[in-house]
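Trainee: In short: position in the sequence shown from 1, add 186, done, that's my numbering.
By construction, these hints were calculated from the structure, which means they are not laboratory data.
Accuracy of the hints is not assured; some may be wrong.
[Stated by the list, open to error] Okay, derived cross-link-like pairs now, EDC-like style, lysine to aspartate or glutamate, Cα gap no bigger than 16 Å in a straight line:
hint	residue 1	residue 2
1	Lys445	Glu415
2	Lys209	Glu271
3	Lys344	Glu271
4	Lys315	Glu271
5	Lys251	Glu233
6	Lys190	Asp285
7	Lys458	Glu399
8	Lys251	Asp230
9	Lys315	Asp305
10	Lys217	Glu283
11	Lys314	Asp280
12	Lys446	Glu461
Being a predicted model, the structure only gives us computed values, none of them experimental.
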Amino acid sequence: MEYKISVIVPVYNVEPYIERCLKSLVHQTLKELEIIIVNDGSPDNSEAIILSYQRRYPNKIMYLKKENGGLSDARNYALSYATGEYIAFLDSDDYVEQDMYEQMYQATNNGRKKIVECDFFWEYSKKKKVDSVSYYTSIQDYLVRGRVVAWNKLYLRKWLIKTQVIFPKGLLYEDVGFFFSLMPRLLSINEVGYIKKAFVHYIQRQESISYRESSRIVELCQVYQYAIENLKKANLFNLYSMELEYKFARNALWGFPLKKVRFIKERPVRKKVLEIFWIEVNTMFPLWKNNVYLQKKGIANLYLRFIFCKLYYAIFML
């Protein structure tokens with residue numbers, strides 16, 4: 187069979203979730219769908235569940251097994267096995283609507299789109315909400331407002347391989363590095379298709395952040411550095427430096443401190459993370475306060491226009 191889409195699903199320690207994920211894939215209305223499951227050295231019973239599905243759907247499911255290397259490594263590993271016209275990624279604790287890939291493939295305009303994006307649900311234990319955007323007007327606009335997650339998109343496989351962009355191995359927030367390395371390689375926003383409909387159920391697991399994970403929050407800096415180095419090699423950094431500068435400053439000095447850092451219970455760790463974020467932003471982009479995007483309306487931009495070092499610490503060390 188010539189597959190229209192190859193869906194890559196890394197698996198690690200998701201026994202309670204993997205069957206729901208697989209059910210949502212094997213029952214897709216798009217028949218020309220290749221499902222590539224990568225067992226990334228999972229220590230639980232996930233493998234038995236996967237193999238039971240592979241036996242029932244041998245023409246749909248390809249099963250790969252490797253030593254544990256992390257989410258990025260598993261995705262990168264599977265890329266060489268994919269044969270579909272388009273590539274999709276799905277996390278194994280999430281699931282999708284039954285007609286997702288058929289509708290998204292229809293939006294590729296017969297292969298003319300390099301990227302197709304859809305909306306998604308933030309799904310909590312007792313509620314869910316739709317994450318939706320208005321249509322993008324330019325590549326610059328896409329870099330500023332686009333959802334950086336990898337799993338709400340299709341990627342034209344031949345183009346993706348040609349760019350040589352892969353996920354940064356061994357880092358958290360790998361989707362950030364991938365998104366900002368790849369999207370500037372588009373020639374026009376017309377190469378991006380968008381379906382204003384939610385298809386992916388993004389499961390929010392209520393799990394406490396460990397000491398080790400708290401310390402790893404600063405890997406946000408490394409994934410931005412990964413993207414910057416990629417764009418410099420492709421001679422694209424100067425063209426999109428304003429967007430990278432804005433997103434890094436906004437994430438490191440506002441979004442992450444607000445949503446993640448302030449919840450770190452160990453005060454020395456929290457202070458160290460805040461310190462690294464402040465230093466990295468001001469080292470990589472010393473003139474970030476002059477960024478044109480800060481002049482736009484919004485609480486985050488107002489905050490960033492007026493924030494200074496002592497106030498920054500005072501707010502998030504409370």
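Trainee: The structure should be examined with respect to each hint, and the outcome stated for every one.
Mentor: Hints, one by one, checked against the model:
Taking the CA atoms of Lys445 and Glu415, the gap is about 27 Å. The hint is violated against a cut of 16 Å. Taking the CA atoms of Lys209 and Glu271, the gap is about 23 Å. The hint is violated against a cut of 16 Å. Proposed proximity of Lys344 and Glu271 is supported: the alpha carbons are some 8 Å apart, at most 16 Å. With a C-alpha separation of about 31 Å, the suggested pair Lys315 and Glu271 falls outside the 16 Å cut-off, and the hint is violated.
Restraint check for Lys251 and Glu233: satisfied, since their Cα atoms lie roughly 9 Å apart, inside the 16 Å limit. Pair hint Lys190 plus Asp285 holds up; C-alpha atoms about 14 Å apart against a cutoff of 16 Å. This hinted pair checks out: Lys458 and Glu399 have alpha carbons roughly 14 Å apart, not beyond 16 Å. Distance hint between Lys251 and Asp230 is fulfilled; the C-alpha atoms sit about 14 Å from each other, no more than 16 Å.
For the hint linking Lys315 to Asp305, the alpha-carbon distance of about 11 Å falls within 16 Å, and the restraint holds. Under the criterion of a C-alpha separation no larger than 16 Å, the hint pairing Lys217 with Glu283 is consistent with the structure, at around 14 Å. Restraint check for Lys314 and Asp280: the C-alpha separation of about 13 Å stays at or below 16 Å, so the hint holds. Only pairs whose Cα atoms come within 16 Å are accepted, and Lys446 paired with Glu461 is accepted, the gap being roughly 14 Å.
In summary, the numbered hints that this structure violates are 1, 2 and 4.
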